[in-house]
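S.K.: The lines below spell out each chain.
Number of protein chains: 2
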Amino acid sequence: MDELKKLYRDACKAYNKSKPHFQKCRAVVQHCQQKLNDDAKLGEYGKFAGTPDIQYSAFTSGQAISRPVHPDFFTATNNDFEVNLETVLKIAKDPERKWTDSERKLSSQTIYTAIMSFACCYDLWNPKARKTPGTFFEVFMAGLLQSVFTDIAFSKHIPLTKILDAGGSPPNAEDNPDQDEAISDGNEGDEKSSVATDVVLSAPNKKGGIVLPLKITTRERVVQPFAHQRILDAAFEPGTYKSLIVCISETQLDKEAKKVKQICVPGTIQLFQKYLAPIEGIYYCDVPQRYAKNDVTDVIKVKSIGHLFCDLRQQLAQLKEQA
Amino acid sequence: MDELKKLYRDACKAYNKSKPHFQKCRAVVQHCQQKLNDDAKLGEYGKFAGTPDIQYSAFTSGQAISRPVHPDFFTATNNDFEVNLETVLKIAKDPERKWTDSERKLSSQTIYTAIMSFACCYDLWNPKARKTPGTFFEVFMAGLLQSVFTDIAFSKHIPLTKILDAGGSPPNAEDNPDQDEAISDGNEGDEKSSVATDVVLSAPNKKGGIVLPLKITTRERVVQPFAHQRILDAAFEPGTYKSLIVCISETQLDKEAKKVKQICVPGTIQLFQKYLAPIEGIYYCDVPQRYAKNDVTDVIKVKSIGHLFCDLRQQLAQLKEQA
Chain A
1 MDELKKLYRD ACKAYNKSKP HFQKCRAVVQ HCQQKLNDDA KLGEYGKFAG TPDIQYSAFT
61 SGQAISRPVH PDFFTATNND FEVNLETVLK IAKDPERKWT DSERKLSSQT IYTAIMSFAC
121 CYDLWNPKAR KTPGTFFEVF MAGLLQSVFT DIAFSKHIPL TKILDAGGSP PNAEDNPDQD
181 EAISDGNEGD EKSSVATDVV LSAPNKKGGI VLPLKITTRE RVVQPFAHQR ILDAAFEPGT
241 YKSLIVCISE TQLDKEAKKV KQICVPGTIQ LFQKYLAPIE GIYYCDVPQR YAKNDVTDVI
301 KVKSIGHLFC DLRQQLAQLK EQA
Chain B
1001 MDELKKLYRD ACKAYNKSKP HFQKCRAVVQ HCQQKLNDDA KLGEYGKFAG TPDIQYSAFT
1061 SGQAISRPVH PDFFTATNND FEVNLETVLK IAKDPERKWT DSERKLSSQT IYTAIMSFAC
1121 CYDLWNPKAR KTPGTFFEVF MAGLLQSVFT DIAFSKHIPL TKILDAGGSP PNAEDNPDQD
1181 EAISDGNEGD EKSSVATDVV LSAPNKKGGI VLPLKITTRE RVVQPFAHQR ILDAAFEPGT
1241 YKSLIVCISE TQLDKEAKKV KQICVPGTIQ LFQKYLAPIE GIYYCDVPQR YAKNDVTDVI
1301 KVKSIGHLFC DLRQQLAQLK EQA
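Respectively, the protein sequence lines represent chains A and B. Mapping of the first sequence onto this note's numbering: position 93 corresponds to residue 93, and the numbering continues sequentially without gaps. Mapping of the second sequence onto this note's numbering: position 307 corresponds to residue 1307, and the numbering continues sequentially without gaps.
Hints in this document: simulated from the structure, not taken from any laboratory. Positions of the beta carbon are idealized from the N, C-alpha and C atoms, including for glycine. Accuracy of the hints is not assured; some may be wrong.
Pairwise CB distance ranges, derived in the manner of DEER restraints [as the list claims (entries may be wrong)]: (1) B:Asp-1002 with A:Asp-254: 22 to 28 Å; (2) A:Lys-5 with B:Ala-1049: 22 to 28 Å; (3) A:Glu-96 with B:Ala-1292: 56 to 62 Å; (4) B:Asn-1016 with A:Asn-37: 28 to 34 Å; (5) A:Pro-127 with B:Ala-1292: 33 to 39 Å; (6) B:Asp-1053 with A:Asp-2: 55 to 61 Å.
The calculated lysine-lysine pairs, modelled on PhoX-like cross-linking and capped at a C-alpha distance of 25 Å, are [stated by the list, open to error]: (7) B:Lys-1259 with A:Lys-131; (8) A:Lys-156 with B:Lys-1005; (9) A:Lys-128 with B:Lys-1258; (10) A:Lys-131 with B:Lys-1206; (11) B:Lys-1255 with A:Lys-5; (12) B:Lys-1131 with A:Lys-5; (13) A:Lys-274 with B:Lys-1131; (14) A:Lys-131 with B:Lys-1320; (15) B:Lys-1013 with A:Lys-255; (16) B:Lys-1131 with A:Lys-261; (17) B:Lys-1259 with B:Lys-1131; (18) B:Lys-1005 with A:Lys-258; (19) A:Lys-259 with B:Lys-1128; (20) B:Lys-1128 with A:Lys-128; (21) B:Lys-1261 with A:Lys-131; (22) B:Lys-1093 with B:Lys-1206; (23) B:Lys-1128 with A:Lys-258; (24) B:Lys-1005 with A:Lys-128; (25) A:Lys-255 with B:Lys-1006; (26) A:Lys-207 with B:Lys-1274; (27) B:Lys-1131 with A:Lys-255; (28) A:Lys-156 with A:Lys-320; (29) B:Lys-1131 with A:Lys-128; (30) A:Lys-5 with B:Lys-1128; (31) B:Lys-1255 with A:Lys-6; (32) B:Lys-1255 with A:Lys-255; (33) A:Lys-258 with B:Lys-1131; (34) A:Lys-274 with B:Lys-1013; (35) A:Lys-131 with B:Lys-1128; (36) A:Lys-261 with B:Lys-1128; (37) A:Lys-259 with B:Lys-1131.
From the derived model, a few chain A residues whose C-beta atoms are all more than 10 Å from chain B [unchecked claim]: (38) Gln-30; (39) Asn-84; (40) Gln-289.
Model the full structure from these sequences, guided by the hints.
M.R.: This is the structure we're talking about:
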């Protein structure tokens, strides 16, 4: 794991310095795939505890077992992954492209494979670093999107000094003139120097932007993007910022039943969408069956991650058209 | 730990069935204290990485080490705890009582000792059950408050069927006539049968209530009570429900520096208070130094848990006075 940790740290370091880092992310994924090939076995794991009938897989190494992996989305060998990624990049970069269903599926598979390769390595060989796979998801997606949308500015937080100014001086702002208060999820220790774990896309010289909360699964943290959107709608003109939540899946292992569950909270999401603030859409690689039902999709768009690129391009075009 | 787990399960079972359960909670604490006395050592741990100069302690057992414990708040022997608890109950039950500072401190110490005894046992001997100490905090406080406020109705969620009705039918409500949608933090798996992790106090035949989000530390979950309050303010008349957040501390170990940090997000709390919804107050056993500063207390009440009983009594009196 030392080599993987080093590659991962290199990618993070470049990302945090706003330097090109996607090649480093690809090197991380390649290393993970090699390591899984060499040191782990992919086998049957358990069925989805619902319909349709899906047999999930998992990696094992000695006594250790990884999170469940959807066999339709995980492409097992490194070679395929790099070929697929090149194809996805080419399609995604073409602004005129009409995506086919199989191209959308390919992009879901490619992202799923990258993130799950990393996450399963950590499950097997460094399970204590629980938050690391989620961070890699953020870093990887930022790199991927930077490769696709080359004329867009990327940042990791929305400066809120202005917001706090509206209600009085920001606390100690004079002590830290270069450090903005950010919408933080509060787990970074020193808030003044912290960044939100969102990726924010904006067009040069235009106000507002697109917020991408990136979460492998949402779980109890699903409230955060809605609360942040509410703050943005209250602090700026509503619609100045829009949020698109990007996830991998909502799967979780039911160890006793040896089944794979999808942890869904449709009522909660409907409440948040109505009473906190509306989110533009939720994108998954492995879309949870429950969220694809009408009572949810009537109030919030739920789509496969294959739709993210086109939808983002459209949102960014709207940003650029502003006065 | 088998005996402790059994005692804990018994307390939870009674609580979930809305049966008197505080004696069972006391038995849990007694067992924890005995076990810590017998099988663990309490020693110096590390200093607070700030001012004032506080030397935190911790329990150790073999290689295992517990979370940091504030020596001023932890009363080490079982005997003291039960005596203290009786004193606190007696004071808290007296509606005319003018609490002294030392009585407030005693109530902080007593609650801190109960919860930390349990949490440290789990840290040492069942560290994988990460959420269990938080659940015990909820169950214990519900029991304590039920013993004090005997004419008050306690529940674990606010039924939101009415809210969802306002915007259309609640999804599948007809399939589950007895199960209300609840404000859920989404980690219970089956949302329909889940309960929110809040304690809600209400007066018989009066609308509204007092919501007590109970969290050992808030961390990134601090957004939840503000978001829930926002939903309640949007769905009901603002002020119908009020929230008082109740916590133990915000301490965390900095393993590298061997120091104890307090993870505080003052800017975030100010933002949430202003742009999500106002919370009535935050109560701590071990009040974080940062939250006691004026820039925070100017926008939200931050108090020691010793103030909770009087403040709750006052809030409940207001509830009862309603038409």
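S.K.: Looking back at the hints listed earlier, which ones does the structure fail to meet?
M.R.: 4, 6, 8, 10, 12, 13, 14, 32, 34
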